[in-house]
Amino acid sequence: MDNTNIISIADFSITPGSRYREEGPFSGQEFREDILEPEFKKTLESDKKLIINLDGVLGYGTSFLEEVFGGLARIYTPENILKHIDIISTEDSYLKDDVIEYIQNANK
Amino acid sequence: MSSNTYKTLISNGIHFITFLVGVTIGFLIYLYVENLWQLKISPNVSFQIDPLSIISIIISIYLAVYVLRILNKRDEKSRKESDLLISYFCEFEKDFTTIIRQTYNINGVILTDIAIIMKNYSMRIQELLRLAIDKNFIDEKSTIHSEISDKIKLLKELLTNTPVSGAVEDGIKLSEGKLYFSDKQKEKIVSGVYSLRSSIFNIVSEIN
Numbered sequence: 001m002d003n004t005n006i007i008s009i010a011d012f013s014i015t016p017g018s019r020y021r022e023e024g025p026f027s028g029q030e031f032r033e034d035i036l037e038p039e040f041k042k043t044l045e046s047d048k049k050l051i052i053n054l055d056g057v058l059g060y061g062t063s064f065l066e067e068v069f070g071g072l073a074r075i076y077t078p079e080n081i082l083k084h085i086d087i088i089s090t091e092d093s094y095l096k097d098d099v100i101e102y103i104q105n106a107n108k
Numbered sequence: 001m002s003s004n005t006y007k008t009l010i011s012n013g014i015h016f017i018t019f020l021v022g023v024t025i026g027f028l029i030y031l032y033v034e035n036l037w038q039l040k041i042s043p044n045v046s047f048q049i050d051p052l053s054i055i056s057i058i059i060s061i062y063l064a065v066y067v068l069r070i071l072n073k074r075d076e077k078s079r080k081e082s083d084l085l086i087s088y089f090c091e092f093e094k095d096f097t098t099i100i101r102q103t104y105n106i107n108g109v110i111l112t113d114i115a116i117i118m119k120n121y122s123m124r125i126q127e128l129l130r131l132a133i134d135k136n137f138i139d140e141k142s143t144i145h146s147e148i149s150d151k152i153k154l155l156k157e158l159l160t161n162t163p164v165s166g167a168v169e170d171g172i173k174l175s176e177g178k179l180y181f182s183d184k185q186k187e188k189i190v191s192g193v194y195s196l197r198s199s200i201f202n203i204v205s206e207i208n
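Chains as they are written, first to last, in our numbering: chain A, 1 to 108; chain B, 1 to 208.
Misleading hints may appear alongside valid ones.
To be verified - Only part of the chain B face toward chain A is listed, based on derived beta-carbon distances under 7 Å:
id, residue
1, N107
2, G108
3, L111
4, A115
5, K141
6, K153
Unchecked claim - Below, computed lysine-lysine pairings styled on PhoX-like, alpha-carbon distance capped at 25 Å:
id, chain 1, residue 1, chain 2, residue 2
7, A, K96, B, K119
8, A, K108, B, K153
9, B, K153, B, K184
10, B, K188, B, K153
11, A, K108, B, K141
12, B, K153, A, K96
13, B, K188, B, K119
14, A, K108, B, K173
15, B, K151, A, K96
16, B, K151, A, K108
17, B, K153, B, K73
18, B, K184, A, K96
19, B, K184, A, K108
Since the hints were derived computationally from the structure, they do not count as laboratory data. All C-beta atoms, glycine included, are put in the ideal place defined by N, C-alpha and C.
This is chain A alone, in the form it adopts within the complex (with noise of 0.2 Å):
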């Protein structure tokens, strides 16, 4: 049985803008309200993990990805988030860590 959901956010853009709508086009608020939270949502009531794959992208921002995540966190709680999704980032393994650091800090 699959347990499991794929995001995949190159497949939103290869080149991902910056934090909000108004900013310019592909921003992390326009992911994360049209693609993210709605998986999620799925994610919560079937109780499956969504795994959110970074590669595939030729870069990220700090406040696409901190709009993303961090602003999920700040809707749906941090404890919330890590325990309901994966990370994926094997071509920059450090934006792991990033991911999960702006998960963690986003109500501070």
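Using the hints provided, position chain B relative to the given structure of chain A.
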């Protein structure tokens, strides 16, 4: 004492002991066969040539020199590897600091461009660190990975972390996809670059 200094001492010690062993074996062979065979050339004016003692001396010298050459070749190979790795780190440091200086000095640099640069250099330094660990120049348990990771993360934040709405920032402004850095932010970036260079210097010292 760094691991490389320790390795060099061990290596030199092994060389010396090997040389002593070679000479000792030769001498022992000489002592053992000394009485077995002596060649007299003439009854009146005689001198004794002990061929086996000559052979044993030759063998011991050959053995000592041969083994030393093998060990020196291994040391030379290790030296070449460490020099090459150091050159990779120095090249990284030079390229990275140059491009970051160019980036923050441009008025209105495109955010995605900086993001791409930072990812490329982050991957590059991670590969170099992996190589240094695989070649045993850096201990796998070393904290250098987390040290470098923190510094790369800090620089990326200084360069690409645009403000949360409502926050009063005197750092980065984003306008039409382009970033503008205040003088204060530039100072922080310079400091961040210097800190990373310092860590790379420590890595190079450890490899050397």
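These are the hints, each one checked on the structure:
1. A distance limit of 7 Å between C-beta atoms decides the matter here; for N107(B) the minimum to chain A is near 18 Å, and the interface restraint is violated.
2. Violation of the interface hint for G108(B) is found here, the shortest Cβ-Cβ separation to chain A being roughly 14 Å, above the 7 Å cut-off.
3. A hinted interface residue such as L111(B) counts as satisfied when its beta carbon comes closer than 7 Å to some beta carbon of chain A; here the least separation is about 5 Å, so the hint holds.
4. Satisfaction of the interface hint for A115(B) is found here, the shortest Cβ-Cβ separation to chain A being roughly 3 Å, below the 7 Å cut-off.
5. Evaluation of the K141(B) hint against chain A yields a violated restraint, the C-beta minimum of about 17 Å exceeding 7 Å.
6. At about 6 Å, the closest approach between the beta carbon of K153(B) and any beta carbon in chain A falls short of 7 Å, and the interface hint on this residue holds.
7. Restraint check for K96(A) and K119(B): satisfied, since their Cα atoms lie roughly 13 Å apart, inside the 25 Å limit.
8. Between K108(A) and K153(B) the CA atoms are separated by roughly 18 Å; this keeps the pair inside 25 Å, and the hint holds.
9. Restraint check: the Cα-Cα separation between K153(B) and K184(B) comes to about 19 Å, which is no more than 25 Å; the hinted pair holds.
10. Using a Cα cut-off of 25 Å, the hinted pair K188(B) and K153(B) holds, with the two alpha carbons roughly 13 Å apart.
11. Our distance criterion of 25 Å between C-alpha atoms is broken by K108(A) and K141(B), whose separation comes to about 31 Å.
12. Taking the CA atoms of K153(B) and K96(A), the gap is about 11 Å. The hint holds against a cut of 25 Å.
13. This hinted pair checks out: K188(B) and K119(B) have alpha carbons roughly 20 Å apart, not beyond 25 Å.
14. A hinted pair counts as satisfied when its Cα atoms are at most 25 Å apart, and K108(A) with K173(B) qualifies at roughly 22 Å.
15. Distance check on the hinted pair: K151(B) and K96(A) sit about 15 Å apart at the alpha-carbon level, within 25 Å; holds.
16. Annotation: proposed proximity of K151(B) to K108(A) holds, straight-line Cα distance about 21 Å (limit 25 Å).
17. This hinted pair does not check out: K153(B) and K73(B) have alpha carbons roughly 41 Å apart, beyond 25 Å.
18. Of the supplied pair hints, the one linking K184(B) and K96(A) is violated, its CA atoms being roughly 29 Å apart against a limit of 25 Å.
19. Note on K184(B) and K108(A): the hinted pairing holds, with a Cα-Cα distance of about 23 Å set against a maximum of 25 Å.
Checked against the numbered hints above, the structure violates hints 1, 2, 5, 11, 17, 18; every other hint is satisfied.
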